[in-house]
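Engineer: Here the structure of chain A is known, so what remains is to put chain B in place on it, guided by the hints.
Number of protein chains: 2
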Amino acid sequence: MPSLRIALCQIDIIVGDLDSNVDLILAAVTQAEEAGCDLAVFGELSICGYPPEDLLFKPKFIEDNRAALARVAEASGDCAVIVGYVDRDESDGGEPDVAAPDLSKVPGAPATGAVLNAAAVCANGEVKGRYVKHWLPNYNVFDEKRYFRPGDEYPLWSIAGVTVGVCVCEDMWVDPSPVNVMADGGAQLIVNINASPYHQDKVEARDAMIARRVEETATPLVYVNLVGGQDELVFDGTSVVVDGSGETIARSKQFAEQVQVADFAVTDSKPVSLPVTMVTDRPSASVEGLPPKLEPLLEPLEEIWEALVLGARDYVHNNGFTDICFGLSGGIDSALTAAIAADALGPDHVHAVMMPSRYSSDHSLSDSEKLCQNLGIEGRTISIEPAHAAFLEMLTPEFETDEWGLTEENMQSRLRGVILMALANKFGWLVLTTGNKSETAVGYSTLYGDTAGAYAVIKDVWKLQVYELARDYNRRANREIIPENILTKAPSAELRPDQRDDQSLPPYEVLDPMLAEIVEHNKTAADLIAAGHDPETSKRIARLVDIAEFKRQQSPLGTRITKRAFGKDRRMPITNLYRGNP
Amino acid sequence: MPSLRIALCQIDIIVGDLDSNVDLILAAVTQAEEAGCDLAVFGELSICGYPPEDLLFKPKFIEDNRAALARVAEASGDCAVIVGYVDRDESDGGEPDVAAPDLSKVPGAPATGAVLNAAAVCANGEVKGRYVKHWLPNYNVFDEKRYFRPGDEYPLWSIAGVTVGVCVCEDMWVDPSPVNVMADGGAQLIVNINASPYHQDKVEARDAMIARRVEETATPLVYVNLVGGQDELVFDGTSVVVDGSGETIARSKQFAEQVQVADFAVTDSKPVSLPVTMVTDRPSASVEGLPPKLEPLLEPLEEIWEALVLGARDYVHNNGFTDICFGLSGGIDSALTAAIAADALGPDHVHAVMMPSRYSSDHSLSDSEKLCQNLGIEGRTISIEPAHAAFLEMLTPEFETDEWGLTEENMQSRLRGVILMALANKFGWLVLTTGNKSETAVGYSTLYGDTAGAYAVIKDVWKLQVYELARDYNRRANREIIPENILTKAPSAELRPDQRDDQSLPPYEVLDPMLAEIVEHNKTAADLIAAGHDPETSKRIARLVDIAEFKRQQSPLGTRITKRAFGKDRRMPITNLYRGNP
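Each protein sequence line maps, in turn, to chains A and B. In my numbering, each residue carries its 1-based index in the first sequence increased by 151. In my numbering, each residue carries its 1-based index in the second sequence increased by 151.
Possibly wrong hints are sitting among the right ones.
Identical copies carry no separate label here, and so any pair may be met within one copy or between two of them.
To be verified - Dumping the calculated DSSO-like pairs for lysine-lysine here, alpha-carbon to alpha-carbon at most 27 angstroms: (1) K714 - K353; (2) K521 - K640; (3) K444 - K353; (4) K690 - K702; (5) K702 - K719.
Everything labelled a hint here was simulated from the structure, so no lab data went into it. Here the structure is a predicted model, which means the values were calculated and not measured.
Okay, chain A solo, but in the shape it has when bound (with noise of 0.2 angstroms):
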C-alpha cells in the first residue's frame, strides 16, 4: 500500500496577527521537512486567524493576509504546506467586493461578498491551487455567511505520488459531504482543516464524525485543528488521523501547540474522476506499520480546567500584558478563578485583591490569606470602608430615606470595581472578574462592580461545576490548595450582614438543572413547569434570566465551555417582553 509522512502543524496563531502566525507557520514547515514529511498541514484560517470576524470587510487585510499566504509558498519546498487564509474571487472581473452590501446603490442586490474561506495548496515555491469551503456555518458562534462566498469545486492534489483530497471544517459535517464526494472521485486521502471550537464532550462528536466519513469512504482522513483562546472561544487542538480501516493512527495534545510527525497508509490508488493537480513528485520516505502516536486524551474535568486555563491564558497574553488582579472574596468562584489565573500566567503575575467592608466575615480574611498562600500570589488588603463611608454622607441626603437595600448592597461592589480598575491602570495589570454561569444567568451580579473587568474567567462554568473543579484541582494536586472551609461555606455576597445566596435563589442543585434547561435548551416557563417544576420558581428565574440580559451585553468575554454560553452564542434582545409562560 502507498504511504505518506506527514506533519500535523497544531499552532496558536493570534487574529490579524499576519507576520507572527506567519513565522510560527513557517517554523513548523522547517520542522516537517527536516523530519522528511511528504506534507504539513495547518488548520483553518491559519494565515490570519480565526475568527477575523469584520476585519473581513478590510480590502487591505484580505490583500495582506494574500501577501502573508505568499510568504509561505515563497518558503515551502518538497514538503507541501496545506494552511487556511482568506482569499477573494476574482472570477466576476477582479474589482475587490468585500464591502457589506451597500443598500443605497441601487439596485444594490445584496451579495455575500466575494471573499472566500480557503486551503491553499503549496509546494516548492509555489501556491498551486486553492480549495474553497463550501459549507458556511452560520449557527451558535458561527457567522459565516455574512461574510465569505461558497465554493463548488473539488480539486485533487498529487502529492509524493498519493491523490488527495482536501476541504475545509463543516465541510466533513454535512450530508452529502464533500468528502465523499471526492473519495468517490479519487482520493487516496482526506485533509480537513479547522478551526473548531472547544465545548465539552466536542472530541467525542468530532471522532463519530470523522469514524462515520472514514467508514463511508474507507479513505483515511487527516483532521489537524486550531489551537489556543480567541476572544471567548478556546480550540482544543487534538488532531487526529485515522486510517482506512478506522484505526486512529495519530493524535495530538488537548490545549497545547504541536508538531507531529505519523507515517500511515493510504487506499490504493482508485480511479480518478475529479481534476487532479501535481504538487510534488518526490517518493515518500515514510514508513508502514509504525505503531499509532496517541496523546492521551484528558479526563472531563482536566479538561475543562485546561480550556479556562489556555482561554485565559491566551486573552491575557494575546492582548499584551503579563499580569492580572481580582477580587478575593474568600468564596469559591473567585478561590477557583484565582487557582486557573496561577495556573495560566503563574504565581507571580496574580494579584489578590481583598476589600473587606463591614459585613465581611473573619473567615473571608483568612480562608483567602490561606488560598494566596498555597497558590504562592500575592495577597493585599484594602478596607472598602473609608470610601464606603464617603458615598452614604454624600448620598443619604439625596436618598429621602434611610432604608437599607439593593442601592447600598450594588454601591459596595462598585466601590471594589473602583479599586480593581485603579490598580489595573496604575501597574498595567488585566482585572479578571470572577462570576459563574449560574451568576450571570439570573443577573446575581452588580454591574460595574463585580463584572468590572477585561475577562470572566469561569462565565461558561456552572455553580454545582465551579465545586466539582475545585474539588478535583485539589485532588490531582494531592493537597489542599483550595481551603476546605471555601468549599464548604454556604455561598454569599456578604453584602449585608448574614446574607446567603440561598435566601434570593434556589439552591444551585436546584438552580442548575432549571438553568441549563433554559439557557442551553431553549426552554421557557411553561416548559419547565410542564416538566415538573415548581411553577411559582420556574416563573421567576425564567424572568429573572429574561430581565438579566442588559448586564450581560455589559459584562465581559469568557472562555466557552458549554453548547450554549453566552455570548456570540446566544443572541438575545434586551428589550424582550416574551416570558414564556403557560
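Structural biologist: Only chain B this time, still in chain A's reference frame:
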C-alpha cells in the same frame, strides 16, 4: 380602472409582547374596517416584533406567536389583513426543528431550521394563506440566515376583485425580485411589508428602489414599515403607496404611529399565471381621483433628532421605566443628551446630576444650571470630592508613586458612575450615557465611568454632528435653550487642570472624517495615508479605534442613525493584532 382602499398600519410594537402587539393590530384593523378599507397592511414580524433574535430558537415562542396570529385572523372581516409573523415549515414531518443545529448528533447536518419569516393574509375569521420571505438579509445588523428557511413560492391573492402579490422587505431589493415575478404573473398590486431600520439617507434609497420596481412593472406598490425603537435599531415608518405611473399617492409620518387610509387605482387585470387564493370578494368602496395624502418629510437634522428621540423613548418606556438620570458636565454632549431626553420623556422625567470635582470649572456648573432651567428639568449637584479624597487616601499607599495620571483621571469618572447608579437604583431610574461616536471610536471614555448606563443616546452621532444638532435644536426652538457658551467652549473632560480634548486628539474637523473612513468605510491606516492624511496621525487614530474595542463591547446600546454604527453593525474581535499599516 379598478381601485382599492387601503390602510397603511404603521404601529409601534415591542419584541415579545405578543398580546399587546395583537391589541395594537386589532385596534388598527377596527379603524380600517370603520373606514371601509379593503385591506389593512402591517409591517414585517408585527406579531412578535423585529428582530426577535434567539427567541426564535424557543419552540414555544413560535407557537405562541402563531396563536397570536390566530387572534388577528379570528377578528378579521371583509377587510383583508396582511401581517408579518413567524411560522414554521411543517412540510418535512411536522416536528418543530427550531433549535440551533446540534453538531453532537451525528450526522447533524447543519440545517437553517424550519422557521419561516412569513406574511399572513387573513379575512373573514381565517388565515387564508401565507407568503414566506425569499431573501434573508445576513449583513450589517441582520442575521436572518441564522434563523429562517427561505421561501420559494409566489402565491397571489384575490382581494376585493384585485389580484395582489405580497412579499417581505428584502424581497423588493434584489435582482431579479419576487416583485417582478409576481407582477409578470398577474399581480395588479404589490404589497411589501417591512422592518426596515432607519439610517441617514435611507428614505431616499427606499424611494429610489420603489420607483425602480414600479417603473419595471407598471404596477402600484404599497410599502409598509414598522415604527419605533428596538434596542439599537429605530424603525422610521414612512410607509408609502406609489401608483402604477410612479406617483406617490400616500406617505405616512416619519417616527410616529399612524393608520393612514388611501384610495388608489391599481393596474387593469392581466393574464394570471401564478396560483391565486380567494381572500375577499366584497366590491371595493374606493373612489378614484382623490388627491394624494402626503405627510411632509423632515429636514435631515430634524430627521436624525426624531430618530434619537424615538429610540431613547422606546428603550426607556419599553423596558418599564419612566425616568432617567445622567451626568451633566457642562459640555455639549451631555447638553444634547439632556435636550433629547426631555423631548423623549418629558422634562419632569429627566434628572440631571452635576458632579463637580476639584478640576471642574465654574462655567461648567453655571452653564449646566442654565440648561436645566431652560429645559425645565431637575438638576442636582453632588460633589465627588469626599469620595475622591477617600479613594486617594486608600490607594496612594498602594501606588508606590504619587505621580498623577490616567489612573486618577479614570477614578473621578468612575466615582461619578457610582453616584449615578446609586441614584438610579434608589429611585428606579435608568442611567443614560452621553458619549458621542467620535469618543466611542477612539475610546476617549472611562469604562465603568462615563460609559456606565443603560442607553447611549448619541452613541452614533459624530462630534461635529453633535454641534449641528444642538444648533439646529436652538434654531427650531427659536431661542437659546442650549446656552451659547456650551456650544462655543473648547471640549474638555475636566479630569486634570486645564485639560482639553485637542491635547490628546486632533481637532474634530480632522478627526471625524478620518474616523468615518475607518469605522464606516473599512479603511486602514495605510488607506488613510494613501489618501493624503498625515502618516503618524493616521496610524495613531486607526490604532486607537482598534484597541478601544474592549471598551465598546462593554458599553451600552444606543440608537443607530448611520449606515455603520458600533453594535451589531460592526463586529470586531477584541484580541486583534491587525493594524493595517503600510
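Engineer: Each of the hints needs a verdict: does it hold here or not?
Structural biologist: Here is what the structure says about each hint:
1. K714 - K353: The answer is within: 9 angstroms in one copy meets 27 angstroms, while 38 angstroms across copies does not.
2. K521 - K640: Within one copy only: 15 angstroms inside, 55 angstroms across.
3. K444 - K353: within (21 angstroms within a copy, 60 angstroms between copies)
4. K690 - K702: within (20 angstroms within a copy, 34 angstroms between copies)
5. K702 - K719: Both ways: K702 and K719 sit 15 angstroms apart in one copy and 17 angstroms across, limit 27 angstroms.
Hint check: no violations occur; every hint is consistent with the structure.
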